[in-house]
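**Student:** Now for the letters of each chain:
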Amino acid sequence: MKHARTLPVLIVIAVLLLAVGPFLPRWALFLVTVSLCYGIVVLGMMLLMRTGVVSFGHGLYYCLGAYAAGTLDQVYKVSDMAVMLVAAIVTTAVVSGAIGFLLRKYRDIFFAMLSLAFSMILYGLLVKTSALGSSDGFNIAASKIAGITVAGTGSERYVRYALTVVFALVSGIFMHRYLNSHMGRLAEAIRDNELRVEYMGASVRNVIHVNYMISAVLAGIGGALAAIAVGHIDPEMAYWTTSGEFVFVGILAGTGSVLAPFLGAFIFETIRSFAYEYSPNTWQMALGITMLVVIMFLPGGLWSLFVRKRKAA
Amino acid sequence: MAQLLAVLIDGLIYSSWLFIIAVGLTLIYGVMKILNIAHGSLYALGAYSAASLAGYWLKQGYPPMGSYAVMVVAAILVGLIAGPIIERGLLRFMYGKDEIVLVLVTYAVFLILEDAVKLIWGVDPYFIAQPYGMLGNFSIGDLTYPNYNLVLFGAAVLIGVVLAWVLTKTRQGKMLLAVIHDREMSGAMGINVGKVYFITFTVGAMLGALGGALTAPMISVQPGIGAETIVLAFAVVVIGGLGSLPGAALAAILVGIVRAAAVHYRPELDLFSIYLVMAVVLIVRPKGLFSAQEARKI
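For the protein sequence lines, the chains are A and B, in the order given. Just so you know, we're using the numbering used here here: the first sequence kicks off at 1 and counts up by one. Just so you know, we're using the numbering used here here: the second sequence kicks off at 314 and counts up by one.
Hints may contain errors.
The calculated lysine-lysine pairs, modelled on DSS-like cross-linking and capped at a C-alpha distance of 25 Å, are [said to hold, decoys possible]:
| no. | chain 1 | residue 1 | chain 2 | residue 2 |
| --- | --- | --- | --- | --- |
| 1 | B | 346 | B | 410 |
| 2 | B | 508 | B | 346 |
| 3 | A | 105 | B | 346 |
| 4 | B | 346 | B | 482 |
| 5 | A | 105 | B | 410 |
| 6 | A | 144 | A | 105 |
| 7 | A | 77 | A | 144 |
| 8 | A | 105 | B | 482 |
| 9 | B | 508 | B | 482 |
Not everything, but these chain A residues come out facing chain B in the computed CB check (under 10 Å) [stated by the list, open to error]:
| no. | residue |
| --- | --- |
| 10 | 111 |
| 11 | 118 |
| 12 | 120 |
| 13 | 124 |
| 14 | 130 |
| 15 | 132 |
| 16 | 280 |
| 17 | 281 |
Bear in mind the hints are in silico, worked out from the structure with no lab data behind them. Even for Gly, the Cβ is constructed at its ideal location relative to N, Cα and C.
Given these sequences and hints, build the entire structure.
**Tutor:** Printed below as a string of structure tokens:
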């Protein structure tokens, strides 16, 4: 039931978003774009959580994706969004493929800590790289898409928005299909009992490695899209608090459906933008309290509310 | 040669600081299996309380030497207030959950306390530099250092020795080791595990706050110092082996010296060097330098 409906819902939402885009005020357009970027990253976190590992260092790939896109613009003067995204995907896939060989042997806290160490290595490097703006980062201008110049045509905001919607849709469909594939189903089995999965002849390490790479590439896409949308990047994207936020939204949303990360990210970004406006000094406190409430009373995340309601109906 | 000496001295000073901020974290993990992210906030709370209380003390014209005592008292107060509230009010309902869930719980506490600090002290930085320079300087060769660094070094050694002594020589310490070894069995033998947890967490919180209080004169106390410090403490604790006291000491020295060398020879590798050491140690010894072997449970 639930699975059969997910795909149509995803597509309908994406089409609706694309249709209403031109009529949205500027702030709403931006809010939806940024939440979708975040949602793509959290989609990857969800996959890792389903596999039973938590990465406290996914800021690494978020930042790497953004810097892959930004460096193209800054250093090589390539400002085509399509090229930027390809660069982000290739970079994060290569780096996560390499790091995955190490991380696949680790679990629990050690997985979290080693991934944290790698993200802080990148942070430490970027903060001191003056060619890339050190701790201030730099601005990027993505003026073209697949060779067509969009800057100055008035539609550039909508183009970025539409690009993000399309990528979110593709990532969502991909993840939905992946989770229902053989590999995807192994994820939850590993979380439940790793040893039995091994007994039954599947390689736990391979599954973790592949899932780690998928989540890393998603984080890279999210980072590159966020860089294009915001127009500015800095090393803070690799700092551990950024990674912590991804974990936070993942927990908040729950792992029940591929729609959950997008919902969670949208709620998170909405609260964040309003809280920045009205009470900048208490919004983290609100986040912390929400997180405690979710951990204590809603271990399945916000999504479990949704599912329960539907079952009752 | 002079530079090598400088690396050594800077490294040891930095190691002392690292040990002080990490020791409470490793103690809490060793006993309770909680990797306490909120330790960073306790550090910040300690730094802020020390800065404002010692600032008040000096402004009143009381004997300036007394400000050191005020700083320590401030840290103890923070530990005695915040520790029990966090442990009794929240953590005790969470025992038995996955380690990683407990990390997230303490992350939530960290977020809450970060804003609590901003609400109490505002977002402007506090400076309390006087205790740093008040003790005069010492010189080795043509290098001059404030004597306050000796205080830091002394405090690190004192904390390490006292903790090691309590753990291995006193009855309470031996009971604590029993709880670390097997929580359920020691409970069956009549040890009040809840009380051990309570005391450990409070002492750990105090140590975190003390780290902040001792650091306050050397930095500008401002929002974000907790987040900055907790990752360093993580690095030290994970390198040493979670829950190991000698491990934390060795890791602090290792990281301290490496970072000092980086700062002197390749300043752009400052932060990078610390986490590189962390990654390399974890790759070579997945559970840190000093870690107990664990039986695999099915």
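**Student:** Please write out, lowest number first, the hints stated earlier that are contradicted by the structure.
**Tutor:** 6, 8 and 15
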